[in-house]
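Protein chains in written order, with the UniProt record's numbering: chain A, 1 to 313; chain B, 1 to 356.
Treat the hints with care, since some could be wrong.
[As the list claims (entries may be wrong)] Here are the computed lysine-lysine pairs in the DSBU-like style, where the Cα-Cα straight-line distance is at most 35 Å:
1. A/310 <-> A/240
2. A/310 <-> A/203
3. B/103 <-> B/49
4. A/203 <-> B/187
5. A/310 <-> B/49
6. B/49 <-> A/203
Derived by calculation from the structure, the hints in this document are not laboratory data.
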Amino acid sequence: MPEVLSAPLVVEFPFTRSLGPVQSAFLTGLRERVVLGVRTTDGRTLVPPVEYDPVTAAELRELVEVAPTGTVTTWAWNHAPRRGQPLTTPFAWVLVRLDGADTALLHALDAPGPDAVRTGMRVRVRWAAERTGAITDIACFEPHDGEPVRPGGHTGAFEQPLTGIVTPARLDYTYSPGRAQSAYIDALSARRIVGERCPSCRKVYVPPRGACPTCGVATAEQVEVGPRGTVTTFCIVNIKAKNLDIEVPYVYAHIALDGADLALHARIGGIPYDRVRMGLRVEPVWTEGARHPDHYRPSGEPDAPYETYKELL
Amino acid sequence: MTGRNTPGPRDIAVVAFAQTGHRRSTEDSSEVEMLMPVLHEVLARTGLKTADIGFTCSGSSDYLAGRAFSFTLALDGVGAWPPISESHVEMDGAWALYEAWTKLLTEDTDTALVYSYGKCSPGSVRDVLTRQLDPYYVAPLWPDSVALAALQAQALMDAGHTDEAALAAVGARSRADAAANPYAQLKGRVPQGDYVVRPLRTGDCPPVGDGAAAVLLAAGDRARDLCERPAWIRGIDHRVEAHSLGVRDLTDSPSTRLAAERAGAFERPVDTAELHAPFSSQEVVLRRALRLDDSVRVNPSGGALAANPVMAAGLVRIGEAAARVHRGDSDRALAHATSGPCLQQNLVAVLEGDPR
Ligand SMILES: [Zn+2]
């Protein structure tokens with residue numbers, strides 16, 4: 001059995017989110033060094049603010065400025081900051097109830113060590129030098145000995161309020177395709193295409209995933225299929241994909257490789273797009289150094305009769 | 001949502017349970033390859049074939065897999081051709097079981113297969129779980145799952161509900177119990193270790209691992225045919241709390257208490273409780289919310305501190321509780337599953353065996 005393969009896989013996405021009126025006011029406020037909460041119908045002030053009361057679900061719109069100073073309600077010392085966290089040096093995660101608020105905000109506290117942190121300690125906002133209207137406009141909190149800072153009574157109305165934010169995210173994985181797909185990819189590197197036969201229904205699946213979807217049992221018996229095959233169905237692609245170096249229109253087809261009971265899909269080349277047809281016999285074209293066929297082209301054989309592939313449509 | 005006072009139209013039981021040996025990494029197998037032996041085992045216990053199953057429901061997470069619609073590939077393992085009646089929750093399999101239970105209550109089908117799986121090994125589960133947080137105010141700060149649990153642990157200590165020694169004892173008891181569990185990942189004597197995020201140490205945190213679980217549900221007489229001593233679901237309920245951590249009292253779990261009340265857990269004492277507490281401090285919260293005293297055997301399997309395949313660990317709790325009823329080790333067991341940071345969402349099921 002060949003070694004199971006693995007490769008780095010990075011998933012990155014810049015989530016683009018629209019803001020409601022309360023979130024917009026809060027994040028715009030951070031840009032302007034103003035912290036806003038929202039007042040509930042029973043008179044409590046929620047910071048960070050939400051648009052609906054977590055208890056009654058009533059719509060909330062009354063914005064109220066709170067102080068940039070507050071009290072730590074709980075904390076945790078993070079001696080090994082991770083990527084994306086507010087500080088790169090050891091810090092405390094804190095929930096802070098700002099003066100004037102009834103709920104607590106999660107953020108980081110810059111402190112020399114865990115002995116300098118305790119529940120109940122007084123802290124104040126340290127603003128980021130450059131602010132864009134994001135929770136990270138609060139760079140972190142820092143210890144604060146002085147008096148509570150009095151909030152300015154801002155109404156939450158801003159000249160140029162934010163309407164949306166972009167929150168980038170990145171996660172790193174090491175992807176392993178497992179035994180069956182590793183064997184398939186491994187064979188491809190020797191320009192062979194292998195499927196797996198189901199021990200129960202005897203069908204040959206390609207690419208194999210290690211299970212027969214009909215019988216729900218493991219497949220293990222390897223079967224070499226192709227290299228030639230038959231086009232069972234196809235479509236004509238007219239829209240060019242980003243970063244794709246293929247002229248449109250082109251044909252994408254299902255191809256039943258000889259000996260396989262499931263069609264795989266690939267691009268058809270070497271023939272004008274409007275001449276591709278069901279039953280066309282094709283063969284793979286490998287390019288130098290590629291790990292899988294670049295495309296399939298007509299093999300020159302007569303078309304396959306419909307009866308030979310109708311079960312594979 | 002049925003307690004004993006408002007019985008459902010039919011009795012539904014867990015009739016079989018199977019799980020993988022949970023391991024740090026299963027990179028040699030794909031999700032479906034990891035899952036299939038468990039599906040075969042749970043079917044073999046009842047003699048059922050995939051074609052006999054009335055409804056299939058699964059739980060998993062694309063963020064763990066790093067791939068969109070990742071659950072569709074796992075469907076190859078249940079024989080989804082010809083077409084089957086199937087559903088999926090992007091949650092722990094315990095919630096898939098809830099959906100299957102509802103389906104059995106409301107539809108003309110007698111059996112349901114529930115499975116879930118999670119591979120934590122391809123990514124960093126601490127980072128992956130940050131993506132379930134509020135995307136406006138919290139996720140941009142990347143507070144990892146241990147950090148959030150540590151905030152809860154400190155709040156518990158400040159409130160006088162526990163201390164570091166008591167937390168260490170929870171971990172030690174869990175791993176000692178896990179020594180008798182052939183499927184557990186971390187068992188026996190495990191050093192309490194250094195702080196991961198203070199006040200939580202390595203020993204307070206779950207192992208990172210891969211695994212899968214499957215449960216078969218059956219209704220009425222069908223359950224009696226398939227299992228010598230079915231684990232009847234007397235009640236099951238799940239509740240959620242506000243997503244903002246600063247709104248919640250982290251030392252309490254009112255959602256767990258309410259779910260337990262609605263599931264009928266407080267009507268008579270239970271003898272066993274399988275609690276889904278990935279962190280030692282969360283067991284402290286759950287014990288208080290569920291009013292469990294020392295007469296209740298808590299996590300005889302070792303719990304999530306011994307094996308925590310994310311998305312399957314909650315279903316494993318229901319399975320372990322049911323298996324104790326099947327074996328006659330328990331007459332009335334409570335099973336709990338959680339999801340989200342600091343016990344945000346909680347599910348409670350009450351399982352009973354027939355009187356002996
Ligand atoms: Zn088959």
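Practice item. Against the earlier hints, flag every one the structure doesn't satisfy and list their numbers going up. Key: Result: hint 4 breaks, nothing else.
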